[in-house]
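Taken in sequence, the protein lines are chains A and B.
Read the first sequence against the UniProt record's numbering and you will find it ends at 144, with the numbers running on by one and no gaps.
Read the second sequence against the UniProt record's numbering and you will find it ends at 256, with the numbers running on by one and no gaps.
Rather than coming from a laboratory, the hints here were simulated on the basis of the structure.
The structure displayed is predicted, hence computed values, not measured ones.
Any given hint could be a false lead.
What the hints assert, rightly or not - Computed beta-carbon distance windows for the label pairs:
no., chain 1, residue 1, chain 2, residue 2, range
1, A, Asp-27, B, Pro-179, 21 to 31 Å
2, A, Ile-36, B, Glu-132, 20 to 30 Å
3, A, Val-31, B, Gly-48, 17 to 27 Å
4, A, Val-31, B, Ala-92, 14 to 24 Å
By construction, the Cβ of each residue, glycine as well, lies at the ideal position given by its N, Cα and C atoms.
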Amino acid sequence: MTVVPAQQSGGGGGSSGLYDVLELVLDRGLVIDAFIRVSLVGIEILKIDVRVVVASVDTYLRFAEACNRLDLESGPNKSPGLPEIVGEVTESGARGKSKGALSGAAETISDAFKQSREEGRQKESESRPRARKSTSSRRKEEQE
Amino acid sequence: MSTYVYGITDSSHAGLPEGMEGVGDPPAAVRVLKEGGLAAVVSDAPEGLKPKRKHLLAHQNVLAEAGAAGAVLPMRFGSVAPDDDTVTGVLAEGADHYKERLRALEGKVEYNVKATHDEEAVLHRVMSESPELRSLAEANRQSGGGSYDDRLRLGEMVVAAVKAQEADDAAELRRVLEPAAADVSVGPESTGWLANVSFLVDRKSAEDFLAVVEEARRAHPHIELRVNGPLPPYSFVEPGPAQHAESGVGQETALE
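All chains should be modelled from the sequences, with the hints used to inform the complete structure.
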């Protein structure tokens, strides 16, 4: 018999939610001295990786390049709130890239997590092109 | 045969669905050990248990089911006792403490909130707020990307600005979400997220809490929020003084 988990995921959901929950399962919860804990060798390494603060030359160069690419034409003179541009950037696929330098270390993750994240990414790349396609075809229809 | 322990409940706990499967391959059958007014949710511990996704999920599933039926103190993954008697012995010995924790957590669930920046959106934000960064970036662009040193300097400043923004946003999120929760527990820092905070929420007011999260999401489009819950109260089983001191750092804002 398969038991469906009782919890649901709000917001992010899906398999990135799985990663977030597993982190809690491994790192929190009651520890009782009279019980031994199974060896978590691989997982301990994961935790160390994740907690390293990345401030390397590579990171700097990557950010500099990202800024050079950034189209600020409509940005500088606008309010810090950046109303339209933020919405537009978010929707047009920046989401996929956003896992870059800001969370680089989180990518070095044990098998358990890697699998779930890859599934998440697949889902993203499956749904993105479709969304974009429908927008452009709609535009085409409008032009006609 | 050693005994794998999932969590501790009151002996009046409504119990688990028939045929609940635990850790192991093939999965071990989950059973309940009672002692005094308490009960432990356990199964046989498989030989050579490793922290694989399958087993972690089984652990979480058992606790999610147990938590849905009543208060539960979730064990951390991988807790193994030599035998059943050791488990009931632990229940008997710590009965007062466990009962107190179960009462405190009755009707409460954990919501874990992780926040990351949408990279391009946050770059837009820090650039738009700093004329210095903009002119530096513009100079680099006009000279075809800038020299190695120019790029390094720009990148270093941008990273610093992004980090400052992360700290601001983490504080802002807590300020906004904390009033909607009964308790707060701050998770480990890492580069994987700018905030990793668990909130203890009354099951009845969970919708209110989620509405506040939704509001925060709308108000800060450059922040990506991932909310997971309701979960068993992993982060609130032992609110020792150390944990609270840690989570209290820089948090005078709640009362302002």
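Of the hints given before, which are not true for this structure? 2
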